[in-house]
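Under the numbering used here, the residue at position 362 of the sequence shown is numbered 904, and the numbers go up by one with no gaps.
Any given hint might turn out to be false.
[Said to hold, decoys possible] Below are the DSS-like pairs computed for lysine-lysine, each with C-alpha atoms no more than 27 Å apart in a straight line:
hint: 1; residue 1: Lys784; residue 2: Lys876
hint: 2; residue 1: Lys911; residue 2: Lys876
hint: 3; residue 1: Lys644; residue 2: Lys954
hint: 4; residue 1: Lys595; residue 2: Lys693
hint: 5; residue 1: Lys729; residue 2: Lys741
hint: 6; residue 1: Lys1001; residue 2: Lys959
hint: 7; residue 1: Lys1005; residue 2: Lys994
hint: 8; residue 1: Lys974; residue 2: Lys1007
hint: 9; residue 1: Lys644; residue 2: Lys959
hint: 10; residue 1: Lys637; residue 2: Lys1005
hint: 11; residue 1: Lys904; residue 2: Lys671
hint: 12; residue 1: Lys615; residue 2: Lys911
hint: 13; residue 1: Lys637; residue 2: Lys682
hint: 14; residue 1: Lys671; residue 2: Lys693
hint: 15; residue 1: Lys603; residue 2: Lys693
hint: 16; residue 1: Lys626; residue 2: Lys1005
hint: 17; residue 1: Lys641; residue 2: Lys682
hint: 18; residue 1: Lys657; residue 2: Lys603
hint: 19; residue 1: Lys693; residue 2: Lys991
hint: 20; residue 1: Lys811; residue 2: Lys904
hint: 21; residue 1: Lys1006; residue 2: Lys991
hint: 22; residue 1: Lys952; residue 2: Lys974
hint: 23; residue 1: Lys957; residue 2: Lys644
hint: 24; residue 1: Lys974; residue 2: Lys1006
hint: 25; residue 1: Lys957; residue 2: Lys994
hint: 26; residue 1: Lys693; residue 2: Lys729
[Said to hold, decoys possible] Label-pair restraints from in silico Cβ distances:
hint: 27; residue 1: Gly999; residue 2: Ile588; range: 39 to 45 Å
hint: 28; residue 1: Gly802; residue 2: Lys626; range: 28 to 34 Å
hint: 29; residue 1: Lys595; residue 2: Ser881; range: 39 to 45 Å
hint: 30; residue 1: Ser1012; residue 2: Ala589; range: 25 to 31 Å
hint: 31; residue 1: Pro1004; residue 2: Gly624; range: 35 to 41 Å
hint: 32; residue 1: Gln704; residue 2: Pro1004; range: 34 to 40 Å
hint: 33; residue 1: Glu984; residue 2: Gly685; range: 41 to 47 Å
The set of hints was computed from the structure by calculation and includes no laboratory data.
Glycine included, C-beta positions come from ideal geometry on N, C-alpha and C.
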Amino acid sequence: MRKKNRRMTALLLAVFMMLHLAGTESLMARAAGTEVSTIPCRKATIATVTVSKADEETATKLHATLTGSGKGKELRLKVKGGPKAAYKKLLALEKILQKVNKHGVLVYANQTGKKGSYTYYQVTEDDVKLYKLSMKFIGKIYGDFRNGYGKVSDEVLAAYQQDIDTYSDDEIRKMHIYYDLFVRWIKENPDRAFYMCNKKVETPEVVTVEGGDAPTTAIVSLVNDMGLISKQLIYNVIPFVKEAIVDGQGNGVLRLLSFGEFSQLEHIKVKVVGCSCWGQFFSPTEPWKNATSPKAYEKEGAFLLMPERQRRTIMLAPNFSDLSDAMKVWVIGKSDYFSCSFTRPPYGMLYSATPCFAGGSKGMELLYKNKAAGVCAHYAGFESQVFGVLGITCYMQTSAWMSHAWTVVKVKNSKGKTLWIPFDYGIGPAEKLMTLSDSVREALSTEAKRYKVYLDGIKGAPKKKNFKDSDFN
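Please construct the entire structure, taking both the sequences and the accompanying hints into account.
As structure tokens, then:
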């Protein structure tokens, strides 16, 4: 059962919560059966899905029934076992269903009774509609967000994954990519490299390259035009060269450092991590251009040598359900759908004293059709609905002295770390709020103070921020 912490300090807001947020628990949290909600059944029109096992076959059948043709009719679940055993079975089925539908969406159900060796649950007509609309909304949010990163080829994605598998640490991976990049350029442009290293000597007609480790990263081989290296990134190849000499036959010889020798150079890691190359887009087919935006190469499949962690995670995850709960919250936050906007965004909520709010499927329809509007309490209400259908633990927080409302989510990242994230028009407490008194401004004047206030009163929550950007994975 996913609990909600509500500090109801204003009667009007309390009524608002009772009317509009009563249905934001997770599916199978409603299915616990401590409070049975029974709706008269029209037996002739109710489809029944029998759940004997919590497996992919059953989840696929349930998903197909929920998304079948028509506007959506109520559904009955016939689950093998007594109430407790059936509840556990549904919890397991919930996780599989979220993978099957690819959007991480669950379905709400209410326990209606037990007959023989089966426990029965009802999915109302509204909850069937909610399931469908939730998938549409999440699909649009994630689809638009992912496409905004530009489209790269499967070959590039495979190279990213191969490099991650080879070097799990980001900084170490950057060092190897950087080394491979310049060793390749030196071997392809030995005369120019010799000149950079030994400008006092006339560059011989023949220059050979000795040493240098074989490449260990996959992404470097996909760069089409190495001219970018000499033209844009650095002109100094000296850190890679052990010596540049003219031999007895008058030929030039470049002897390169091994990666081990290169990595021990003073200050080299700072230089590599801060290199502008990580923000440059490369094309697998076009010659070099000064491209710092994916739009420059969108049609050609432009790619970065090593996208930042969250970008890379999303590019490698075709489905929203492939993400950890922490990354799901990150995407929703970074999509800016719940940003405080006083004009209607292309796709996002509108901050307005004239609310357009509803619960259940009607609320999700407002979100999907880009009609949702309201003030902080309505934002928090809609956020709770979205996190609820994703099975994410969500707490509704309100404060009379701040005249404000927000949500807090408790999620785990891919490494199992629990993050407590205040969600206030996005990830983290809003830095600026309207109509605050001097005392409130002082109470929220630092990040540490804001997190203490925003997490206050939630059982088990920390007293301070317990995550950093790198925890979103």
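Hints, verified against the model:
1. Lys784 with Lys876: violated (46 Å)
2. Lys911 with Lys876: Holds: Lys911 and Lys876 sit about 19 Å apart, inside 27 Å.
3. Lys644 with Lys954: holds (19 Å)
4. Lys595 with Lys693: violated (39 Å)
5. Lys729 with Lys741: Since the Cα atoms of Lys729 and Lys741 sit roughly 18 Å apart, the hinted pair holds (cutoff 27 Å).
6. Lys1001 with Lys959: Within the cut-off at roughly 18 Å; holds.
7. Lys1005 with Lys994: Since the Cα atoms of Lys1005 and Lys994 sit roughly 5 Å apart, the hinted pair holds (cutoff 27 Å).
8. Lys974 with Lys1007: The given pair, whose Cα atoms are some 18 Å apart, holds under the 27 Å limit.
9. Lys644 with Lys959: holds (23 Å)
10. Lys637 with Lys1005: violated (31 Å)
11. Lys904 with Lys671: holds (9 Å)
12. Lys615 with Lys911: holds (22 Å)
13. Lys637 with Lys682: holds (21 Å)
14. Lys671 with Lys693: violated (32 Å)
15. Lys603 with Lys693: Violated. Lys603 to Lys693 sits at ~33 Å, over the 27 Å cutoff.
16. Lys626 with Lys1005: violated (35 Å)
17. Lys641 with Lys682: The given pair, whose Cα atoms are some 17 Å apart, holds under the 27 Å limit.
18. Lys657 with Lys603: Within the cut-off at roughly 22 Å; holds.
19. Lys693 with Lys991: violated (41 Å)
20. Lys811 with Lys904: Answer violated: Lys811 to Lys904 is near 54 Å, above 27 Å.
21. Lys1006 with Lys991: holds (8 Å)
22. Lys952 with Lys974: Between Lys952 and Lys974 the Cα gap is close to 23 Å, so the pair holds against 27 Å.
23. Lys957 with Lys644: holds (21 Å)
24. Lys974 with Lys1006: holds (19 Å)
25. Lys957 with Lys994: holds (25 Å)
26. Lys693 with Lys729: violated (31 Å)
27. Gly999 with Ile588: 39 to 45 Å: Given a distance of about 42 Å, which is inside 39 to 45 Å, the answer is holds.
28. Gly802 with Lys626: 28 to 34 Å: The hinted range 28 to 34 Å is violated for Gly802 and Lys626, with Cβ atoms some 59 Å apart.
29. Lys595 with Ser881: 39 to 45 Å: holds (43 Å)
30. Ser1012 with Ala589: 25 to 31 Å: violated (46 Å)
31. Pro1004 with Gly624: 35 to 41 Å: The hinted range 35 to 41 Å holds for Pro1004 and Gly624, with Cβ atoms some 38 Å apart.
32. Gln704 with Pro1004: 34 to 40 Å: Roughly 37 Å apart at Cβ, these two residues keep to the hinted range, so it holds.
33. Glu984 with Gly685: 41 to 47 Å: holds (43 Å)
The earlier numbered hints that this structure contradicts are 1, 4, 10, 14, 15, 16, 19, 20, 26, 28, 30.
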